[in-house]
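Residues per chain are reported as follows:
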Amino acid sequence: DGGITQSPKYLFRKEGQNVTLSCEQNLNHDAMYWYRQDPGQGLRLIYYSQIVNDFQKGDIAEGYSVSREKKESFPLTVTSAQKNPTAFYLCASSMGGAGYEQYFGPGTRLTVT
Amino acid sequence: QKEVEQDPGPLSVPEGAIVSLNCTYSNSAFQYFMWYRQYSRKGPELLMYTYSSGNKEDGRFTAQVDKSSKYISLFIRDSQPSDSATYLCAMSGGNYGQNFVFGPGTRLSVLP
Chain A
1 DGGITQSPKY
11 LFRKEGQNVT
21 LSCEQNLNHD
31 AMYWYRQDPG
41 QGLRLIYYSQ
51 IVNDFQKGDI
61 AEGYSVSREK
71 KESFPLTVTS
81 AQKNPTAFYL
91 CASSMGGAGY
101 EQYFGPGTRL
111 TVT
Chain B
114 QKEVEQDPGP
124 LSVPEGAIVS
134 LNCTYSNSAF
144 QYFMWYRQYS
154 RKGPELLMYT
164 YSSGNKEDGR
174 FTAQVDKSSK
184 YISLFIRDSQ
194 PSDSATYLCA
204 MSGGNYGQNF
214 VFGPGTRLSV
224 LP
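Here the protein sequences come in this chain order: A and B.
Numbering follows my numbering, with no gaps: position 44 of the first sequence is 44.
In my numbering, each residue's number is its place in the second sequence (first place is 1) plus 113.
None of these hints come from the bench; they were simulated from the model.
All figures in this text were calculated on a predicted structure; none of them were measured in a lab.
You may find that some hints are simply not true.
Partial pick of chain B residues on the chain A-facing surface, computed with a CB cut under 7 Å [to be verified]: (1) G122; (2) Y152; (3) G156; (4) Y162; (5) G172; (6) Y184; (7) P194; (8) V214.
C-beta atoms are modelled at their ideal positions from N, C-alpha and C, and glycine is treated no differently.
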């Protein structure tokens, strides 16, 4: 069954702790993306990667870090420098390039107290 | 001016109504247009994909693109309560490093 998995579905952390969100895809897609979604708001791009071992900052990269060591995996670390980390985080993948649609994972709801 | 604009709603309609959802955009380089449906606390799912101008129909859903007006629409016929969700338009093309732009989404409620 091809798709994108994100784990865990819900994550709770104390303020000041770093936390890593997992994203795995078995669609053989080259490009992967991380978005943040706040209640009643659209998607905001955090980081994206068009190819293994390469990634670029999106619109709101401050306080976040990523790695892309394998084609299938694109983990996102929310660091203690992120001022408002509580949000719904979505991972997506695509074949890459302008004409290809993105497919999304189920999301991770992160709550930091 | 934002790259993509979309009425956030909420839009409430009775069951069986025809729903019209719209997006406007500013960049004429966009060539690929998509609609996503997102249920509460779920990831968006691709609903419709169109290239350039024209119409595309899939069951109760019709996507329409008017590149000359920089305007895209999604029509839902015979709307059902299960259509209640947020609908996001998306588009790509041109010199964008990440090749993709999403609208903010319109929240739709179909009342039984």
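Verification of the supplied hints:
1. For G122 (chain B), the interface hint is violated, the least distance from its beta-carbon to any beta-carbon of chain A being 10 Å, above 7 Å.
2. Hint status for Y152 (chain B): violated, given a least beta-carbon distance of 11 Å to chain A, over 7 Å.
3. At a threshold of 7 Å, the smallest CB-CB gap from G156 (chain B) to chain A is about 4 Å, leaving the interface hint in force.
4. The closest approach between the C-beta of Y162 (chain B) and any C-beta of chain A is roughly 6 Å, which is under the 7 Å cut-off, so the hint is satisfied.
5. Against a cut-off of 7 Å between C-beta atoms, the interface hint on G172 (chain B) is violated, since the closest Cβ of chain A lies about 18 Å away.
6. Given hint, Y184 (chain B) at the interface with chain A, is violated; its Cβ is 18 Å from that chain's nearest Cβ, farther than 7 Å.
7. For P194 (chain B), the interface hint is violated, since its Cβ never comes within 7 Å of a Cβ in chain A; the closest pair sits about 21 Å apart.
8. Taking 7 Å as the C-beta cut-off, the interface hint given for V214 (chain B) is violated, the closest approach to chain A being about 9 Å.
Comparing the model with each earlier hint shows violations of hints 1, 2, 5, 6, 7 and 8; every other hint is respected.
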